[in-house]
Amino acid sequence: MSDPKIEGYVFKPGFKGMAQDTGSDQTMFKGVHWGKAMMWIFLLSDTFIFSCFLISYMKGRGSTLIEWPNPSEVFALDAFGVPVPLLLIAIMTFVLITSSGTMALAVKYGYEKNRKMCGWLVLATALGGLTFVGMQAFEWSKLIHEGVRPWENPFGAPQFGSFFFMITGFHGTHVSIGVIFLFIYAYKVFAGHYDEEKRGWFTTMKGNYVEIEILGLYWHFVDLVWVFIFAFFYLW
Amino acid sequence: MSEDFNDNKTIQAQSSETISGGSGASPDMDYVRPAEVGDQDLYHGHSFITKWIFCQDAKVIGVQYFLLATFTGIIGLILSWLMRLQLGFPGAAGFMTAEHYYQFVTMHGMIMVVYFLTALFLGGFGNYLIPLMVGARDMVFPYLNMVSFWMFFIAVGVLLASFFVPGGPTGAGWTLYPPQTILEGTPGSGMGILLMCLSLILFVAGFTMGGLNYLITVLQARTRGMTLMRMPLTVWGIFTATVLAMLAFPALLVGALMMSLDKVLGTSFFMPTILKAGEVLEYGGGSPILFQHLFWFFGHPEVYIVALPAFGIISDLISVHSRKNIFGYRMMVWAIVGIGGLSFFVWAHHMYVSGMNPWFGFFFATTTLIIAVPTAMKVYNWILTLWRGNIRMNTVMLWCLGFIVTFVNGGITGIFLGNVTVDVPLSDTYFVIAHFHMVMGIAPLMVIMGAVYHWFPLVAGRFLDEKLGKWHFWTTFLGAYSIYFPMHYLGFIGVPRRYFEMYDSPYVTSATGMNEFISLAAFLVGAAQFILIFNIIKTLKTGKPAGSNPWKACSLEWLTPTVPPEHGNWGDRLPVVHRWAYDYSVPGAKEDFITQTTPPSEVADTGVEKT
Amino acid sequence: MHPGIIFFLVILGSVLFHIFTPWYWTDVASNWGGMDDTITLTFWVGGGVFVAVCLFMVYCVFKFSYKEDRKAEYKPEDKKLEKILTWATTLGVIALLAPGLVIWNQYITVPKNALQIDVMAWQWGWQYRLPGKDGKLGTTQITNINENNPFGINLDDPYGKDDVMVQTDVLNLENNKPVKILLRSVDVLHNWYVPQFRAKMDAVPGIVTYYWFEPNKTGEYEVLCAEYCGVGHYAMRGRVIVQDNQDYENWMQEQETFSDLVAKQKALEVEKTKLAKK
Amino acid sequence: MDETKKKEQASTHKIGIYLWIWGLLFVLSFFSYMVDWYQFQGLLRWSLILIFMFLKAGLIMAFFMHLFWERYALVNVLLWPMTAIACFIFLMVAEFEYTVFTRLFYFVVGGQ
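Protein chains in written order, with the numbering used here: chain A, 741 to 976; chain B, 218 to 828; chain C, 89 to 366; chain D, 3 to 114.
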């Protein structure tokens, strides 16, 4: 967010500010909550995990001599008797971006200490996530029904199924974990834990609406990964 | 954004409030900004279980990590004895089959690199020293820190469980190269490899929790006045190594996961078409080289995950015991950071003869030799720290000197192997074994031992016995050197590694005697480590009490109100830091060290150059 | 005894060991003598640094041992000295790297006249295939491999018909004639390594890897597997015989080609059906 | 109390910017979907996919994850490690091209 106010510290803008922040005592990320800094570093690490998955996928797809199935056809869905390419994926993308938007607003209202709005928006995000997971389950069962397995598929290179189930599975796990936490945090917001600075279950830290931003970072990251999966897996 | 900026009216804090003690010669001189973050609330354990087992105190967690890693390390040591027994005296151990031999090789390698060295440096020393050295009360997320240790505990449990499953532990070599890792013909290709992958995944998950703690503590929870450039190099080393771990372990995680899927579900990530015993297996189209890339994208940073904390710790030990500031502190910091950054661009120098795209050789040889420059600078700075110092020849210093000799030796052979052409005849031979044991086995071990002798008075409040310590050092150093120095020459003859029976061409038969000698030395060195255990047990009760700051060091960990430091480290008030951690032998000062918390006004009339 | 003396003896011992060691590399028997030269160069530079650094350390240990009344020098930084050391190291590194890269370039650039040899590895053994009169090897597929087609040659590939098949673990090579070793594996990683030739490369299932060398000493050499390949790794051997032109030609004459084998199998088949009919 | 409240409100952003970004993300997703709908091929397809992908990723990171408003110290720490990923991607492209070359050359096409 915008520069915090710190007693005895004059902020400089841009790269000069970066040098000054880095060279200063106590904190390097001025005004950034510990939990938020942790989430950022964790996401950086997670980025490397997903990058390794996608790089492996690129290497695997690039070096097979058997033709790769055309995702546009494999993931097509019949709407009123007409096959529409990637229909389900498009709706899933829509749902995930919608939930990302509600999350962003939840963070904003959280910082404004608007308990009701924040709570409802977190809940809406959770429901969006749940819808996404449900649709993914539908997509998996449809493909399995069509004979796609991690080790083989009727459309072409066997690695197609392997990478599909592994990458979307890993992403889906992230979404599911996110949904669980969204429900928990929605409860915590409604229960007023952040207004009365109640300590968490496993921590001695006081409750603060910054936790909604931390959760938001995770949720946006899940969306971010989906952007890359959408581009590389479904559009390539 | 710019509007917010203009709002930033700074308020000069009242100096009387911020001076910590001090003679008050010139208050402005001692001004340190007030705390940005409120004091940390800690959960204090009440029962035995919350105080010593499921404990949230980083110091206890550090000791727990240390003990469990040492336990695992002793298992690794015993495995190495069994290997050397087979190599030096084939057939001496009746139960030793080729299967067992390869299982021992694999488990020895994996245990020593991941479960011993990584856990010990980052989990052990990191947990104990980071909060103390940066002046924090504890790690920033103590609960997560506790979970991190117990994940490590489970990971070790799973790893050791693989000794008792049908087929035994995996015998695929610690690099776990597919396809052989999961095919018949390699020992432990069933449950063994699955448990290994599971254990690694658990280790990575647990380590991530710990690593986030170390990073955020260093970045966001330093005490007042503690800038990054005033941190002891130990913290720099552990910090940078943790950054590497956070970014490198993902590749291992992904590799382990994909390999498990290949094994369990029959996917073909790493498995091409394979003909085995006259039958074509149901695999096809995968790429074994991909695993090697993933593994070494983790594996090379892993080398520095072990080396960088060692670099940091040794710098501090040499400085304290030479009574002289570390030479070229800035250069040392930038070298650590530079080595860390570069380590992500050199991974395929482990793969020069792996059949990867041959053009990669140019790229990776160049990046690898570039990394030699900052490493060499560190070596120069260590010996230049000794130069014109006032060197205490105690056990700690001996370990430091031993480190310099073994590290320079192993570093130089690293230049052989990093230079692509020289690597071709030497790779996969005993030269490689000798090189990496010297540089990331023995050299870090010297640092660990030096660090134990150095910080034991802080942890336990008593000195370790010097006489036993010297025996321990000389047997370890001379023994280990005589294991690995001659071993390079086996590599020159062309003896390949991972041979159950030594290659017995006419060229090597002459080396039988040397082989036996190496094995004997290995038994001796292993046994010598028990001197330390004896020493610790003996001195815990009867050792000379150390008191506060026994080595007359400058850095914060020695300046706690109680020795050993209690939970929360600092009593009522956090320390305030005014200088770097290396103001030794400042001209004009009363003593030959000025602690980090000494305000400038107290030493205004000395020749302090840098604060 | 002062510890410095022991450290000094360790350094001295290392140097003496290197000079008088009875264990050193075998005589090179290929064109890769350049690799030995780079190793020697690295030894001189690296060894020099090792000895210099360690001796300086020993000197410091003697000269600056703890004395109550002495105070160490206080000098946080010496920018000039650090700069000199950095540049000197950089120069040394460049001196080591440059020849290495030049020889690597030779290593991956195969001469046009090199004889291609298909080295096929399995757990745990080797077999070899040489091009026939057309000078070209046929393409292969692992799935084609059976007892009638031990190399899995694609039957519709015209180049494969006259390929010479050496189904033992002994390979003969012509002296002073470059060969390009094409490595493939049917199961796991292997590495076809002859210490005297210096060169090596992994055989990777699913792809074909290569390296080249030119044998320049006649004689018999042992082939080792240099990449861990399962429990039989340590016993996976082969032999190479380097011969003069005439001997090599004679050996070549005796070898069976793929079409010979196919013809033989066919004849056998005909015989069998005849017998069955009777 | 009043002042602290004011301060907190100053640190959040107007709702308009979130709605704008939200809308843009929908539009960009629609565009990238259209890339497939109209079956663009070759370089055009690739450049469109990548452009839309990076725009979407950039918008999410910059505004939803507030990176645009964070100080450079944090932004730099997060972005520099991506060079290692970039290097890995670049080299793996070279690697799979080499793999597929040897497979085609020695197992399918032949004529060496």
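Worth flagging that the hints you see were computed from the coordinates, not collected in a lab.
Keep in mind it's a predicted model, so treat the numbers as computed, not measured.
Treat the hints loosely; a few may be bogus.
Said to hold, decoys possible - Below, a sample of chain D positions facing chain C; criterion: calculated Cβ distance under 8 Å:
no.: 1; residue: 16
no.: 2; residue: 19
no.: 3; residue: 20
no.: 4; residue: 85
no.: 5; residue: 104
no.: 6; residue: 109
In this text, a Cβ means the ideal position worked out from N, Cα and C, and glycines have one as well.
Comparing the hints with the structure gives:
1. The beta carbon of residue 16 of chain D comes no nearer than 50 Å to any beta carbon in chain C, farther than 8 Å, and the hint placing it at the interface is violated.
2. The restraint placing residue 19 of chain D at the interface with chain C is violated, with a minimum CB-CB distance near 48 Å, outside the 8 Å limit.
3. Annotation: interface hint on residue 20 of chain D violated; nearest CB of chain C at approximately 50 Å, more than 8 Å.
4. Given the 8 Å rule on beta carbons, the hint for residue 85 of chain D is violated: about 22 Å separates it from the nearest Cβ of chain C.
5. Interface restraint check: residue 104 of chain D against chain C, minimum CB-CB distance 5 Å, threshold 8 Å, status holds.
6. For residue 109 of chain D, the interface hint holds, the least distance from its beta-carbon to any beta-carbon of chain C being 6 Å, beneath 8 Å.
Of the numbered hints listed earlier, those contradicted by the structure are 1, 2, 3 and 4.
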